[in-house]
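Next come the chains, spelled out residue by residue.
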Amino acid sequence: MRDRLIARLSTHPAVTNIDIGLLDPPEAGVIGVRIHVRGKPDDLSVPAEIDGIPVGIVRGDYRLQ
Amino acid sequence: MNDDRLRAARARLLVRRLAPMFLYNPAYRVNVVDFGIPIRAGSTDERPTIRFHVPRKLSRAQLERAGIEAAPRQIGEFVTDVIEGAYVPHVWGWWHPPKPPVSGPRARHDPMRGGISVSVARDFSAGALGGLVRDRATGELMILSNWHVLAAERWVSAGLPICQPGRLDGGTPHDVVATMTRHAMRQKIDAAVAALTGDRPLINEQLNIGPVSGVALPRLGMRVTKSGRTTGVTEGIITGVEGQARLWYGSMQRAIEHVVTIVPAPGKREVSAGGDSGSWWLDAETRAAVGLHFAGSDNPEQALAIEMLSVLDALNVDIVTERPTVTARRRPEAVVRETWPAVEREMLATLETLAR
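These protein sequences, in sequence, are chains A and B.
Here the first sequence is numbered in the numbering used here, starting from 2 and rising by one per residue.
Here the second sequence is numbered in the numbering used here, starting from 57 and rising by one per residue.
Isolated chain B, as found in the complex (with noise of 0.2 Å):
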């Protein structure tokens, strides 16, 4: 190993022991520590060497008037370098989320309906809320909408909050609304039911459309509607049936089946864009749900639906056709909050591997 192999060898090892030392102590204001090219002006030892990223470049006076200590000037064999860094997590609007609109799919719903914007609490994302089920065995109230948006992962557990509006509408800790119960995903149909923790009430309606009278299966030719979080209403009709589909989810192909296909309806450019996975196509005369909305393509415009029938008997759930006003169970804010912090845990940690 030749002698600058060596000396950056070194040089890691000492970072990894010093950054400690330095990022957690607040006498410093270091915010990166790292092995790289120092910035030294008229400097002529370009070789690597151990850095501090500090906020601002300040003189040995101005460190003393404000009560900060300087980084060491020499660590071992390695003259130091002090660089300007101030960074911030690229990560979509962590710090500062955006704020709901006040009305439409993306705004904050009480009482909550179909159509509207829902995410995973962890997840900067959003997709639409389906609508209202119940559990054929325990009759609990719960949202229904595909299993990429109320969980997402595949090793992901029962429990994990639901916000509405969805993180990527501006949903906050206060908006978590459900706690994710089963998915459907090992009947190859992507969808997921969550149970409501009873702070906001949901309701069978669609958003600009009205409440869902049942459910039906879908024919060929049937003209039917949706209320989605990124399209709004859109009418289509459906043009395949009895589809088995292979998309990419993340990095995995996998199959779906019972998938329907929809296309505009005559003189209608547009039937859905991302972020209105699950919603509910449903019969545009009789307003009987017939699929939960999944997939599309651009080029040619077109929309993929998973049937209706078969996502509620792989859920054992039903739809509710009457319009409850209250949720089954209320469950106290407090509990909403202690699930807040393990969710920012997550986060972090997450973001502590990407930073690795």
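Isolated chain A, as found in the complex (with noise of 0.2 Å):
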């Protein structure tokens, strides 16, 4: 499903990254498919799940260190 995700999302000037992890908040341990942004994109719809599996939007503009 990342991978489908990906082949959707990857070409998004926004999205920085795409990955498996903990959704916001953390504390509540949700793990699902992460979309990183930058910014806050308008014209950005990602469904709250797919075949079961949920889906977040989280905040990462990342630059090499």
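These aren't lab readings, by the way, just hints derived from the structure by calculation.
Treat the hints with care, since some could be wrong.
[Claimed, not checked] Beta-carbon label-pair distances, calculated as ranges:
no., chain 1, residue 1, chain 2, residue 2, range
1, A, D4, B, A75, 32 to 42 Å
2, A, P55, B, W304, 25 to 35 Å
3, A, R39, B, K113, 46 to 56 Å
4, B, G254, A, R39, 55 to 65 Å
5, B, A214, A, G53, 47 to 57 Å
6, B, M308, A, D4, 18 to 28 Å
7, A, R39, B, S159, 35 to 45 Å
8, A, E50, B, P154, 48 to 58 Å
9, B, R63, A, T12, 47 to 57 Å
[To be verified] Here are the simulated DSBU-like cross-link-like pairs (lysine-lysine), alpha carbons at most 35 Å apart as the crow flies:
no., chain 1, residue 1, chain 2, residue 2
10, B, K155, B, K324
11, B, K324, A, K41
12, A, K41, B, K244
13, B, K244, B, K324
Here a beta-carbon is modelled for each residue, glycine too, at the ideal position from N, C-alpha and C.
These two chains come separately, so use the hints to put the complex back together.
Rendered as structure tokens:
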């Protein structure tokens, strides 16, 4: 499912990373597919879940260090 | 074409022809020859002309006493101008590089260990020396860090000299400790290895942490620690795995795979900063390496690393877990000295290109 989302979203200029991880809030311990985005893109629509797996948006504007 | 443009074209042609005669003749002490607005006191002619930039304007008598030739007052149709200008390159510390501190990650280390400053010898940059690995095919001992720390250019060839400390931290020609061997950017992994020259040993130890025990897969919720060139030892928690990220490398975006996301451990504010690239994230309990740090964000504070197992497989190397005291081969320092003029030539060529 992560690969399907990558194929769909990886060209979106605001998407910086797509991974499997703890959705917000991390204390809840819910694991799903996360879309890391730069800023607050208006045109990015992501379903709440795909095939029963939750999908979430997290903030992440990454630079080489 | 109007008169002014024709005049400017003739002047430019003259400047190109004349400049070498004045710049490379020590009798003139000229820094720059150009075509520009004259700076003459009381002159009514403000049309651009040929100008000679000199460190200090002197009278004819002073010039004669100092044995310096005066620049010609007229060249063809142009009444020349002499202006003051003493210029130095604004490259970071080329002529007066910073002195490395006596201790800490930015210092010169002998023996070397993970988490200390390193860079390509020709670049004024600094990243982290990740740690010690061994080539699975040849058994050669190598430094493992990021591609953007040990190479940084797509067309870079093997043999690029690597300094410890990095040039930004005061590395000099005498600090070349390795040469870049290969990288894994084609496999979408920002990692590279550099073979040790043998001038300084590299031991299996992360600065202020201890030796690396092996390699492990990152797990969600795993507590990790790293020793980096900028932020030193920090602790974090893995919150994401199996990532595919897209980052800017200069003017080009690249996809990086097998990405691990790390947030600060509870009660900590910082995980990483610029200059930490190349450091190894270790399982805080077992000290097994789980990731190669390469990027991060400030808001929110997060670090990105690449799964260490994927890095090692892509580069065909293994982490050295014993603590060797001497590196595999010894390279005469003369060889290092011989490589340095090539580095300097390349830097000069880059500067000339920029100046153009």
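Results of checking the hints against the structure:
As the Cβ distance of D4(A) to A75(B) is approximately 59 Å, the hint placing it in 32 to 42 Å is violated. For P55(A) and W304(B), the Cβ-Cβ distance of about 30 Å falls inside the hinted range of 25 to 35 Å, so the restraint holds. About 53 Å separates the C-beta atoms of R39(A) and K113(B), a value consistent with the hinted range of 46 to 56 Å. Under the hint 55 to 65 Å, the C-beta atoms of G254(B) and R39(A), about 44 Å apart, miss the expected range.
The given range of 47 to 57 Å is respected by A214(B) and G53(A), whose C-beta atoms sit roughly 49 Å from each other. The hinted range of 18 to 28 Å is satisfied by M308(B) and D4(A), whose Cβ atoms lie roughly 23 Å apart. Our hint of 35 to 45 Å for R39(A) and S159(B) holds, since their Cβ atoms are close to 38 Å apart. A beta carbon spacing of about 53 Å between E50(A) and P154(B) agrees with the range 48 to 58 Å that was offered as a hint.
Roughly 52 Å separates the CB atoms of R63(B) and T12(A), a value that falls within the hinted 47 to 57 Å. A C-alpha spacing of about 31 Å is found between K155(B) and K324(B), which places the hinted pair at or below 35 Å, so the restraint holds. Proposed proximity of K324(B) and K41(A) is supported: the alpha carbons are some 26 Å apart, at most 35 Å. Taking the CA atoms of K41(A) and K244(B), the gap is near 27 Å; set against the 35 Å cutoff, the hint holds.
Taking the CA atoms of K244(B) and K324(B), the gap is near 31 Å; set against the 35 Å cutoff, the hint holds.
Hint compliance for this structure: hints 1 and 4 are not met, and every other hint is.
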